[in-house]
Amino acid sequence: MLLTLMGTMIILLLLGFPMMVPLAAGAFLTLILNFPNVNPSMLIQQIIGGVQPISLTAVPMFILAADIMTSGEIANRLLSFVVKIVGHKRGGLPIATATACTLFGAVSGSTQATVVAIGGPLRPMLINAGYTPSFSTALIINAAIIALLIPPSIYMIVYGVVGGASVGELFIAGVGPGLLILLFFSIYCWFISGKEHSMQRATSQERWQAFKEAILGFTFPIIIFGGIYSGIFSPTEAAAVSVLYAFVLEYFIYKSIKLSDIPKLALRTGIVTAIVFILIAVGQAFSWTVSFARIPNLILPPLLGTDPSVLRVLAVLSIAYFLGCMFVDPIVVIMILTPIFKPAIDATGLDNVLVGTIVTLQAAIGSTTPPFGCNIFTAIAIFKQKYTDVVRGVPPFVFILILVSVLLVLFPQIALFLRDMAVAR
Amino acid sequence: AEYNWRLACEEIAGSVADLYANEFARLLAEKSNGRIHLDVYPSGTLGTPTEMFELCLNGAIEFGLVGPGQCGAIVPENQIFALQFLFSDDDMLNEKVLASSKALNVDLAAKYEAKGLKVLSYFSEGAMYWSSNKPLLTPEDFAGFKIRVMPSEMLVETYKAYGANPTPLSFTELYSSLQLNMVEGQENAPYIIQEMKFMEVQKYLVASKHNYYIMHNLANADFYNGLPEDIKAIVEECVAELRPYVYKVQQELNDQRLDMMVKAFKPGQELLVLDQEQRMRFREIAKKADETYFKLSGDPEFAKNLLETFRAEMASAEKELAGK
Amino acid sequence: MKYFSLLDTLCERFERFAVSWSIIVMAFVAIANVLSRNLLNHSFTWAEEVTQFTIVWVTFVGMSHAARNGAHIRMSALSDFLGPKARKVLMIIVCIGTAALMFYLSWYGYIYVAKLAQIKKQTLGLRIPLYLIMLWVPVGFVMTGVQYILAAIKNMTHEGIYVSKTVLEGHAEDQESFDF
Ligand code: NA
Ligand code: NA
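From first to last, the protein sequence lines are chains A, B and C.
For the first sequence, my numbering gives the first residue as 40, with consecutive numbering after it.
For the second sequence, my numbering gives the first residue as 51, with consecutive numbering after it.
For the third sequence, my numbering gives the first residue as 76, with consecutive numbering after it.
Warning: the hint list may mix true and false statements.
Taking lysine-lysine and the DSSO-like style, the derived pairs with C-alpha atoms no more than 27 Å apart in a straight line are [stated by the list, open to error]: (1) 184(B) to 210(B); (2) 161(B) to 190(C); (3) 163(C) to 425(A); (4) 247(B) to 381(A).
For the record, the hints were derived by calculation from the structure and aren't laboratory data.
Excised from the complex, chain A in its bound form:
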């Protein structure tokens, strides 16, 4: 059964079928061959269900906001300020990109939206400064996933619910590893940058000028951050508010877009959204088939054995979530795998918050690791890059992410020290 599923998908993928075909065909074939009395229309239900969560609307909304800002003025003004401040330093531009992705991602809670909003305007600048397109794209999609470790994080909420861990504690625990990843990415950027990548140092007058032009753009993260943390709107709604803010700024203040531009921008946003959403949709049908056929229940128990050690549980768990998230939507992976691992976690007395943090990190890595992954798809759709080009730059980043996972398993305090400080009441 597992062979039917994997075999079909890999062959169709290699033949060059659109990515939705291998996912859908794998799911339907497995169902038809193994469960002849289940009507395949149930997979259509799952395909539709895959795009029903209202929280998904954050994706098109942030794309639209980003489109409005890039076709108008805000993005350019903001980025020209960033470049004037750090552009002359070694690795300055990519480090600024990684930091911007972390900040924006932390606020928006959506990695895809981060890829669009930050990657859109910054990628051309990186390429201009002499970085390869593959590196630039890989940097953006990998820096975007740091956001998943920094609150609010949808994966942590899901783990908290299914795995029975405190969502608040998970949020605090994610900050340490998140910042560690940013640090390592920055070091990597510093290493691969040479003098030729640096720009001329801007004068303080030029910097002041750039600051004044960008000031309204700076209020954007303040409004989004402030709005979410003061409870005025939810993270999902923040996406729509950012559309409103971008529109007000570009239309009323900078007068850089016309009303008649809006349908065109919306169409572009809609197509990019459709390309990503149809994959989320058929991906849902695929993962449903996996759980319906009880595939994880067949694989996992033998791996864990009886009375496993802490390290073995953590190792198997990390690998399982990582592999799962390479192919399937992380939320589904968390929901399917967590109940299977829960008895082992409880038996070994592992800190559930630590496990949740590790799981979130694995889910994050999986979403930038080929062959499948939302961030990869988004980058392809947005930057109109070839699959192979996007994937080529990814390995060093994935290596760093795996390194951090290993460190986290060996030194849980990376995640837990902030939590222990906060919970010591």
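Chains B and C with the ligands: place on chain A using the hints.
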């Protein structure tokens, strides 16, 4: 096994419904001498509760444990369960009515049957409590109060009747919304409030018992009616034996979790209990939502009769109890 | 043939309308909801239902428009190693295979939607019959399937390797295919 069946459960492993499901599987195997095998799929593995409901309806799975709120889109008459202060605050009494009510087990069950589903039983997972950052003892306390509700018009209308500002919000965003004060309170069974650690970010826990979290054990009707008589008898026997089991499990779990929460209270945190007089005041005002129920039921005449019958059944049970 | 291409043009117009206005409505509803909740203390219960409908349009009608523009994501790893003739044959197989799957999905989509109509499933607040919303799923699959058939025909009748009726392979990236 001779019969291989599947059951999807809307709740996570270890919850009341999940324990029910596993006990159901155990009893079926035991009573049939291994002829029946039931696979249990807990929350999330087969999609959302609404999707599980449809899977059962279409025969992809044989049984489903889902709450009525999740299938209101298909059997809107079941929105009766969204009406507040319909049940008593005596759990034992509610259990008796759930088991014997003609309104639910005959009249409402017929509406399910018409869509292709057999209701095997209704059972309670426990009373709903309010958690909040201010005391909620009278309808007046709700004036302008921002309470999170599931996206359901029935709930919205009821809380509006109290004068509150009901805010539909997804469950996953609830913890952070309470923490950030986007909403000021919420309603759930004690074990869920404990599980989600809502009291970390709330001040008061109110034993309002304004509603009960009802589950039903549903079977695909074609599948069920097509079973041989002896197998059907086994299923019925198991379902009957599950009643006292799940009542006990539910009581123990909620009591234990409530106890855990109260013991963990920090200074200033408090458990409030509504007295009978306060309950009656809420009960009167909550009736304003009846009209919304009739309208949403799609069959107002039927809904009106159903509600009347059920209230009468409840009243006579309460009277009987008072007489003892 | 003339009527068919007129129909195709109408389809394209419809796709553009459905996709762009779905996004605009989605934004409008969400913004209005935030403002109303904070300023008027009132949440729209119907907001979620309208949003659900717009997502279905964006995803399934948008899928057809993306196919029309050769914008769907695919891995071209293997075909990069093949000669032009083999690549053309492979592309025809891919187009026909994809179209076949789309028609297959639309058939089961139809069955699913018919069932929704039969059990009279409605949205909870506005009480809109759900089949009216979900109808666009099988329709989207059919429209997408037609686009892949057109691409296969184009490959069979013209020089060059086409990923869609109008877009040559490898040109989906540099051609501003979303710009109209
Ligand atoms: Na985040
Ligand atoms: Na992946």
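* Asked: Regarding the pair residue 247(B) and residue 381(A), is the alpha-carbon distance no greater than 27 Å?
  -> Holds, at about 18 Å.
* For the pair supplied as a hint, residue 184(B) and residue 210(B), confirm whether the alpha-carbon distance does not exceed 27 Å. => Distance of about 18 Å is within 27 Å: holds.
* Asked: Given the hinted pair residue 161(B) and residue 190(C), is their alpha-carbon gap at most 27 Å?
  -> holds (17 Å)
* residue 163(C) paired with residue 425(A) [C-alpha distance capped at 27 Å] -> Given pair residue 163(C), residue 425(A) holds - Cα atoms ~19 Å apart, limit 27 Å.
In summary, the structure agrees with every hint in the numbered list given earlier.
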